[in-house]
Structures are given as structure tokens and as C-alpha cells.
Amino acid sequence: MALPATRPTAAVPPPGGAALSADQLLEIYYYLRLTRTLEERLVALYRQTKVIGGLFRSLGQEGESVATAYALERGRNKDILSPLIRNLGSLLVMGAQPIEILRQYMAKADSPTHGRELNVHFNDLEKGYLGQISHLGDMIPVMAGIALSFKLRGELRVGLVYIGDGGTSTGTFHEGLNLAAVQRLPLVVIGEYNHWAYSTPPEKQFAVKDLAEKAKGYGIASVTVDGNDVFAVYEATKFAVERARRGKGVHFIEVKTYRRKGHAEHDDQHYVPKDVLELWSKSNDPVDRYTQRVLAADLVSEADMKDIDDRVRVEVDQATDACVNEPLPEGETALPGVYVDPPSADRLWFKSL
Amino acid sequence: MPEVTFLEALRQGLWEEMERDERVFILGEDVGLYGGAFKVTEGFTKRFGESRVIDTPISEAAIVGAAAGAAHMGLRPVAEMQFIDFISCAYDMLTNYVATARYRAGLATPMVVRGPCGGYVRGGPFHSQNPEAAFLHTPGLKIVYPATARDAKGLIKSSIRDEDPVLYLEHKWLYRRIKEQLPEGEEILTPIGQARMAREGKHLSIISYGATLWKSLEAADKLEKEDGVSVEVLDLRTLLPLDDAAIVATVKKTNKVLIVHEDTRTGGIAGEIAARINEQAFEWLDGPIMRVTAHDVPLPYAPTLEDFVLPQTDDIVKAARWLAKY
Chain F
1 MALPATRPTA AVPPPGGAAL SADQLLEIYY YLRLTRTLEE RLVALYRQTK VIGGLFRSLG
61 QEGESVATAY ALERGRNKDI LSPLIRNLGS LLVMGAQPIE ILRQYMAKAD SPTHGRELNV
121 HFNDLEKGYL GQISHLGDMI PVMAGIALSF KLRGELRVGL VYIGDGGTST GTFHEGLNLA
181 AVQRLPLVVI GEYNHWAYST PPEKQFAVKD LAEKAKGYGI ASVTVDGNDV FAVYEATKFA
241 VERARRGKGV HFIEVKTYRR KGHAEHDDQH YVPKDVLELW SKSNDPVDRY TQRVLAADLV
301 SEADMKDIDD RVRVEVDQAT DACVNEPLPE GETALPGVYV DPPSADRLWF KSL
Chain C
1001 MPEVTFLEAL RQGLWEEMER DERVFILGED VGLYGGAFKV TEGFTKRFGE SRVIDTPISE
1061 AAIVGAAAGA AHMGLRPVAE MQFIDFISCA YDMLTNYVAT ARYRAGLATP MVVRGPCGGY
1121 VRGGPFHSQN PEAAFLHTPG LKIVYPATAR DAKGLIKSSI RDEDPVLYLE HKWLYRRIKE
1181 QLPEGEEILT PIGQARMARE GKHLSIISYG ATLWKSLEAA DKLEKEDGVS VEVLDLRTLL
1241 PLDDAAIVAT VKKTNKVLIV HEDTRTGGIA GEIAARINEQ AFEWLDGPIM RVTAHDVPLP
1301 YAPTLEDFVL PQTDDIVKAA RWLAKY
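If you read the protein sequences in the order shown, they are chains F and C.
Heads up, the first sequence is in this note's numbering, so the first residue is 1 and it goes up one at a time.
Heads up, the second sequence is in this note's numbering, so the first residue is 1001 and it goes up one at a time.
Next up, chain F with everything else stripped away, as it sits in the complex:
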């Protein structure tokens, strides 16, 4: 299978315009490796029934997750992104800690949502991430609102939001993108064409070939890139982000990639052709491609990368050890915090009988 070529449709980034230092290349590698290793650890915990509920993998999509987030300005009160279930890498780049992810998946009392929400559904707006809800498309209007706040306050900040190929079928995707386009908001939308919406293939989801074609209907700039080429994704995103920061409006980036695991860990993806899976796995893995490229170009040393592998393993081990035996939240902690006032929901009468 030929790799999808980068097909810019508008607002083309300058070739080689986004140079990365050796330190940055290693940092990107760290996040790629951390994403993969952390997910492998979650699989082990899932099999030990320590993960509560489902487990969602981003295998094969780590490259675009990490590269898009890496193109943002990070730090306190800088850019903000809203990740989807397969954007663990984006969250980690923005500063979410492995122990937070582990606690979330195990519904621990000390998880960021104190056991109220699942997996990557949590936020830290100061660090720059807003958790999704399960209703796909809804984060587009919400992130438009965040970008609107940047515009109203004259802040040079950018919002970035992900949508899957299936998610582009929702009404909220349309409404949010259209509003953002009309208002020329500083918003970058990453359309993740990973070929599967649960078990539904693209041809049953939409009648266009590329998601980027949809963007044309909103009068916004769009580009299609090889989603498993970290450099291409980074460059396209960096260009779009800086363009949005300069007040040039919404940019849609379609990343062509492939979901190499089922919808969730329970799903054996029998509907996916084995040979296609093997091809993407063997010849188009984003982490492999990245590693080969930086090594071939002699940009970083193999020893440095090996050190990162070791460091990631230690970090994931330590994070797991630190939280795996932590308690779940006490039942009664479910009551407070629906509102500021009243501070708590009532404990029902039969609980005191």
C-alpha cells in the first residue's frame, strides 16, 4: 500500500519551515515512546482486571497525536487542546502525568476526576487540555468557545481540537466548525482519518474521498497529510497554529492514519482485513518511521533513544507502583459538587434507615 501523499489544498506550509533541534527530536521521541509504553502497561492492568471498564488504544496513531500537540505553545495559560480517546499522546505532551492516566483508568479516588469520569476525560485548562465527553462532535463548539474567549480578550492563543472520521458526521461538528469559520476564530481542527469508526468504514460514513474536502464547504483552509509521518504532521500543524495565531482563522488538517487495534480492548476487530493491518504495522508504524528517519539523518544517536526507552520504562513502573493499590472513592463522595450552591446533593432518606 502506498503511503498517502501530502496533499495541500490551501495555505501551504513552506517546505522544511519548521526545524527541530536535537533536544526537541528527543523530546518528541520521549512522548511517542511514553504513549506506547503506557498503553502497553494499561493492557497488562486491563488483563489483571484492574482497569475499570474499557481500554482504548492509540496504536498507530501516536505520531499524529504527539506531533500536533507538540506544535502548540505549551506552559501555563498558553494554547489549549481537546483530545479524543486516541490522543493519549497529545495529553502527555501537554503535561498530563502517567500516574493521572493510570488513576483515571482504574477509577481511583485520587484520580483527576476522583473516580467520576473515565480514561482521558479530564482537564487542566492551565496546562492546556480540556477533556472530551463521549458525544462526538461536541468538543468542536466548546473549543470554538474557548477560541472565542481568546479572540474577545485579544489573547494570542490558539485552540486545537480533534475529530475522528466518524465524528465528522455529527451535527455539532458542522455547527461548531461553521461558527468558528464565520467568526474567524483561532482554532485548528485535526481530522483523524483512521479508517474505522468503531466498525464502520469511511465509505459508510461519508461520500467524499478526503475529509479535507468537507472543510472547503466552510470556507476554511485545509490540508491532507500523512498522519504517520511525525514531521509532516508537525509542520502542517505548526503552520496552521501560527496562522491562526495571526488572526487568519480556522484551519483543518486531515491526518491519514490507521487504527491498528479494535474500538476498545474487547473488540477483536474481525472486520478489519488482516493483510491491511499487517501492512500498516510492518511498513507504516509512526514510531518506527520516526526512529528510522532521525537515525538515518544522523539527527540523534541511538544511545540517546535507548536511554529514553529505559527512562520511560522506569517512569511507567514507578507510576504504576505508586497508584495500583490505591483505594476507589468512598460511595458517599458521589454527592457533592454538582453545583457551587447547593454544595451537595441530598443523601436520600432510605440510606439512613
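Note that these hints are calculated values from the structure, not bench results.
Cβ atoms here follow ideal geometry from the backbone N, Cα and C, with glycine treated the same way.
Incorrect hints may have been included.
As the list claims (entries may be wrong) - Simulated pairs of lysine-lysine, DSS-like, Cα-Cα distance not exceeding 30 Å:
1) Lys1202(C) / Lys1318(C)
2) Lys214(F) / Lys78(F)
3) Lys127(F) / Lys50(F)
4) Lys78(F) / Lys151(F)
5) Lys351(F) / Lys50(F)
6) Lys238(F) / Lys306(F)
7) Lys1046(C) / Lys248(F)
8) Lys351(F) / Lys1252(C)
9) Lys209(F) / Lys248(F)
10) Lys151(F) / Lys1039(C)
11) Lys1046(C) / Lys151(F)
12) Lys78(F) / Lys216(F)
Unchecked claim - Sample of chain C residues lacking proximity to chain F, with all beta carbon distances greater than 12 Å (derived):
13) Phe1038
14) Arg1122
15) Lys1179
16) Ile1188
17) Asn1255
18) Leu1285
19) Pro1300
20) Ala1302
21) Thr1304
22) Phe1308
23) Gln1312
Said to hold, decoys possible - Okay, the calculated bits of chain F under chain C, using three or more residues with CB under 8 Å as the criterion:
24) 119-130
25) 136-146
26) 172-182
27) 330-340
Given chain F, work out where chain C should sit, using these hints.
Using the frame of chain F, we list chain C on its own:
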């Protein structure tokens, strides 16, 4: 004290909050230069500019979603639904995203969604609705429904200042029909969650809100005059959270309750109120808790049909008479 309409009072409240707090902004369909379908925001663009009075596409879900995002960032959006009937297009965004945000993720979402609701205006099925019951079942939202000009102003101001999302339902039949003298230069803030005693009485209580509050008051006058029955009328003002204390107090005083609302009957808020009275004041009842509501049909257009379906003053009089004799 100048006399102002319900609509003007609401407008004043919005205006004062925009003057007071630069974080407050308005977004909705035709709210800008046109001033809104009912002219609630007329003149706002001239005073506050296009960046604080934002005309949006016809996209209720995007209006509510964008308001939520801006609210997370510390702004205080007031989103207008051109007619509240269209709030159903934003139902997902309100119930799944907005209402749960604080609880599931610790996200502050101080925002108001307001819009003209209610019938008696020959608006047909899609310009007459009362959507409160659809949202009453959603922890995380607050719902206010003023009946007086004073509360129209006091509740919009309190809603904008609240730390959580508030649905503000404004009955279009009251917009220009209700007039009241309001003091100038005095801050009017109606507390959310507190009912108002609209009329004191001894023999029977009517619990209502919105347009039917006025029909209930009219019925109470008639019953006093014609039957010598003394009717107490409680104006709920806030539907979520309900003021249980005020409800129970009036039940304990008169021992008979008629709940009147314009919304349809099945699954309407009267059922919830009846359940609470049953749980909290059962021994104080001298008769069944009765309801006067709309019939369980979509609201029809023809005056003869609408008048039959919606509760009228005479319906309330007849029902109260029946209950008084029980």
C-alpha cells in the same frame, strides 16, 4: 418610580450586568443590530459593540457549546434562543456537556441560556413550548421562570452572577402585558431557589409560575368574591432547585393544594411537586393534590384549539371550587 414592562425589566437587568461586568456578553440569532426577535437586546450593539453582542448562525448547539467554552475561560455568556422551542436542538449540549461539567471534571460553566417560551399567543406547536420538564431531570442545571417584572430583572441578574449554568425562561405572553413600577438606581437581585408568596390565603393553595401564575391570581380573586374561598398563591420563580420549604409551608397552612402549570401534564413538574408534598407533608393534607395543566397534546394553532388545550382562568376556578368542597 417609572412603570416598566416585563420585557423592559429583563432588558434593564441584562444591560446593567453588561455595564457592571465586562466579562458578560450575549450571543444568539439576530441579537445584534436587529436587537433580537422580541427586541430584548435592542440598542445593545450600539452601546457594547459587536464583540459583546454576537450574531451567530442558526446553530443552537454551537451557541450553547461556544458559550460553555467561553464560560470555562472565565467569561459570562448569555445565550439567547430565539424561541425557547429551539432549545431542544441544543439538548445534547446542555444536558450532556454543560450540566455535567462541574461534577465530572470540575469545570466552572457560569452561563445563562434564555429565551421566550409559552403559549396563549397563537404561536402553534413550535413557537409556544414550555421546555422546563425536559431539563428538570438534569442535575447540574438551574431553571428560573419569572412571572413579575421585578423578578424578570432580579432573576436575570442573579442568573448571570450564578456560578453554574441557568436556564432563564421568559414567557412572551407576559413581555408587554405585565407592567410594574420598579425603583431606579436600586439593585434588584432575586435569589435563585426561593419562591414568592404572591397572595396570602387560608382555605386552599395554588402553586404556579409564569403565565399561569397570573391566571391563578385572577381565579383567586374570583373565588374570594363569588365563593368566599380564601386562596393562597405561591409563585415558584425557580423550578430547579425547587423551594421545598415554601411548598411545605403553604400546604401546612391551607391543607389543600392545586398545582397549575401551562406545560403538558404527563411528566410535568406538578408530578414532582406532588411527590414531594406526599413525602414531606402527607399528614397535613385534607384532600388530594390536584393538577390543572395543558392537555397531553402538542400545542395546536387555532385559537379555539389552543384555548381548549391550555389551562384558562375558568378551568382553575372550577378546579379550585371542586377542591375547596372536598
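query = Which of the listed hints are broken here?
reply = Violated hints: none; all satisfied.
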